[in-house]
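K.L.:
Below, each chain spelled out in residue letters.
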Amino acid sequence: DVKVTQSSRYLVKRTGEKVFLECVQDMDHENMFWYRQDPGLGLRLIYFSYDVKMKEKGDIPEGYSVSREKKERFSLILESASTNQTSMYLCASSHRRASTDTQYFGPGTRLTVL
Amino acid sequence: AQSVTQPDIHITVSEGASLELRCNYSYGATPYLFWYVQSPGQGLQLLLKYFSGDTLVQGIKGFEAEFKRSQSSFNLRKPSVHWSDAAEYFCAVGGKRGNTPLVFGKGTRLSVIA
Numbered sequence: 005d006v007k008v009t010q011s012s013r014y015l016v017k018r019t020g021e022k023v024f025l026e027c028v029q030d031m032d033h034e035n036m037f038w039y040r041q042d043p044g045l046g047l048r049l050i051y052f053s054y055d056v057k058m059k060e061k062g063d064i065p066e067g068y069s070v071s072r073e074k075k076e077r078f079s080l081i082l083e084s085a086s087t088n089q090t091s092m093y094l095c096a097s098s099h100r101r102a103s104t105d106t107q108y109f110g111p112g113t114r115l116t117v118l
Numbered sequence: 806a807q808s809v810t811q812p813d814i815h816i817t818v819s820e821g822a823s824l825e826l827r828c829n830y831s832y833g834a835t836p837y838l839f840w841y842v843q844s845p846g847q848g849l850q851l852l853l854k855y856f857s858g859d860t861l862v863q864g865i866k867g868f869e870a871e872f873k874r875s876q877s878s879f880n881l882r883k884p885s886v887h888w889s890d891a892a893e894y895f896c897a898v899g900g901k902r903g904n905t906p907l908v909f910g911k912g913t914r915l916s917v918i919a
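Protein chains in written order, with the working numbering: chain A, 5 to 118; chain B, 806 to 919.
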C-alpha cells in the first residue's frame, strides 16, 4: 500500500527556532513536494524535488529551505520560525519526471509558532 | 500560467441529494485534471483524474467528473451524497510539459445535513 509519512502530526515551536519537518515515502517515487495549506488559500507549493540532491522553488519558498539526501526522504527546514509560518504542512510524492502522475499525500503536520 | 478556480467556498447539501462541485481551469495546452478529497485532519486522497479519452471519468466513492474543453471546466458530481462525504474537495491541473507541478484550487468545503 502506498505510504507517505510525516514525522509529526502536531508541532509547537517558538519564534526564532530552527524547525525540521520530515517526510518519508516508501514507493520509490522520484518526485517529492512540500505544500502549506491555509484556510481560504488552498494548497501553495513551497519546494519540490525531482531527484536526490535536486530542488526547485515553488510559489512561496521565502523563509524555507529543503534537503533531499536520500530518494525516500524530503525535509523542509524553517531556518528561523516566525508566527506567519503557523500552518498545516503537507508532503506529497509522485512517480516519474512528468510530475503529472498522481500525487500521494501524507497526513500533514500542523505547526504552531508562538 | 496555469490556474484553477473553484467558485464555491462552501456548499451544504442534504444527505441523499445530488452534488455538483465546480472547477474551472486555465491552461495553454491539453490539461491533466484531478480531484482530491481531504477529510478532517487528514491528507489529500485522489478521487479521480482525467488525462485523455472519454471525457466522463469515474472515480472512487461513487464520484464522477466531466471534462468540457469548450467551457474549461471539470466539475465533480455525485448522484446521492452520504454524510461521510463531508470534507474539503480540491481540483488541480497539470500538464505534460516536463517537471511542472500541479496547481491546486482553493478548495470547496462540503457540509452534509440530515
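It should be emphasised that the hints constitute simulated quantities derived from the structure, not laboratory data. Among the hints, a few may not be true.
Subject to a maximum C-alpha distance of 20 Å in a straight line, what follows is the list of computed DMTMM-like cross-link-like pairs (lysine to aspartate or glutamate) [claimed, not checked]:
id, chain 1, residue 1, chain 2, residue 2
1, B, K911, A, D30
2, A, K74, A, D30
3, B, K911, A, D42
Computed beta-carbon distance windows for the label pairs [to be verified]:
id, chain 1, residue 1, chain 2, residue 2, range
4, A, L118, B, S819, 22 to 32 Å
5, B, L861, A, D32, 29 to 39 Å
6, A, E60, B, P884, 18 to 28 Å
7, B, A806, A, I81, 21 to 31 Å
8, B, S819, A, E73, 30 to 40 Å
9, A, T116, B, S857, 18 to 28 Å
10, A, G67, B, Q847, 23 to 33 Å
11, A, T90, B, P812, 38 to 48 Å
12, A, S71, B, K866, 12 to 22 Å
13, B, S823, A, S71, 28 to 38 Å
Chain A regions said to be covered by chain B (calculated; three or more residues, Cβ under 8 Å) [unchecked claim]:
id, stretch
14, 65-78
15, 107-117
Heads up, the beta-carbon is just placed ideally off N, CA and C, and yes, glycines get one too.
K.L.:
Now tell me if each hint is right for this structure.
P.N.:
Here is how each hint holds up against the structure:
Proximity of K911(B) to D30(A) is assessed by CA-CA distance (about 28 Å); at most 20 Å being required, the pair is judged violated. About 12 Å separates the Cα atoms of K74(A) and D30(A), which keeps this hinted pair within 20 Å; it holds. Taking the CA atoms of K911(B) and D42(A), the gap is near 9 Å; set against the 20 Å cutoff, the hint holds. L118(A) and S819(B) have their C-beta atoms about 41 Å apart, which leaves the hinted 22 to 32 Å range violated.
The hint said 29 to 39 Å for the Cβ distance between L861(B) and D32(A), and at roughly 33 Å that hint holds. At roughly 41 Å, the beta-carbon separation of E60(A) and P884(B) lies outside the given 18 to 28 Å, and the hint is violated. As the Cβ distance of A806(B) to I81(A) is approximately 27 Å, the hint placing it in 21 to 31 Å holds. Between S819(B) and E73(A) the CB atoms are about 51 Å apart, so this pair departs from the stated range of 30 to 40 Å.
The given range of 18 to 28 Å is broken by T116(A) and S857(B), whose C-beta atoms sit roughly 43 Å from each other. A beta carbon spacing of about 26 Å between G67(A) and Q847(B) agrees with the range 23 to 33 Å that was offered as a hint. With their beta carbons about 28 Å apart, T90(A) and P812(B) fall outside the hinted range of 38 to 48 Å. Roughly 36 Å separates the CB atoms of S71(A) and K866(B), a value that falls outside the hinted 12 to 22 Å.
Between S823(B) and S71(A) the C-beta distance comes to about 47 Å, which lies outside the given range of 28 to 38 Å. For the stretch 65-78 of chain A, the stated coverage by chain B is not satisfied: 0 residues place a CB nearer than 8 Å to a CB of that chain, which falls below the threshold of 3. By the rule of at least three residues with a Cβ nearer than 8 Å to a Cβ of chain B, the coverage given for the stretch 107-117 of chain A holds, with 6 such residues.
In summary, the numbered hints that this structure violates are 1, 4, 6, 8, 9, 11, 12, 13, 14.
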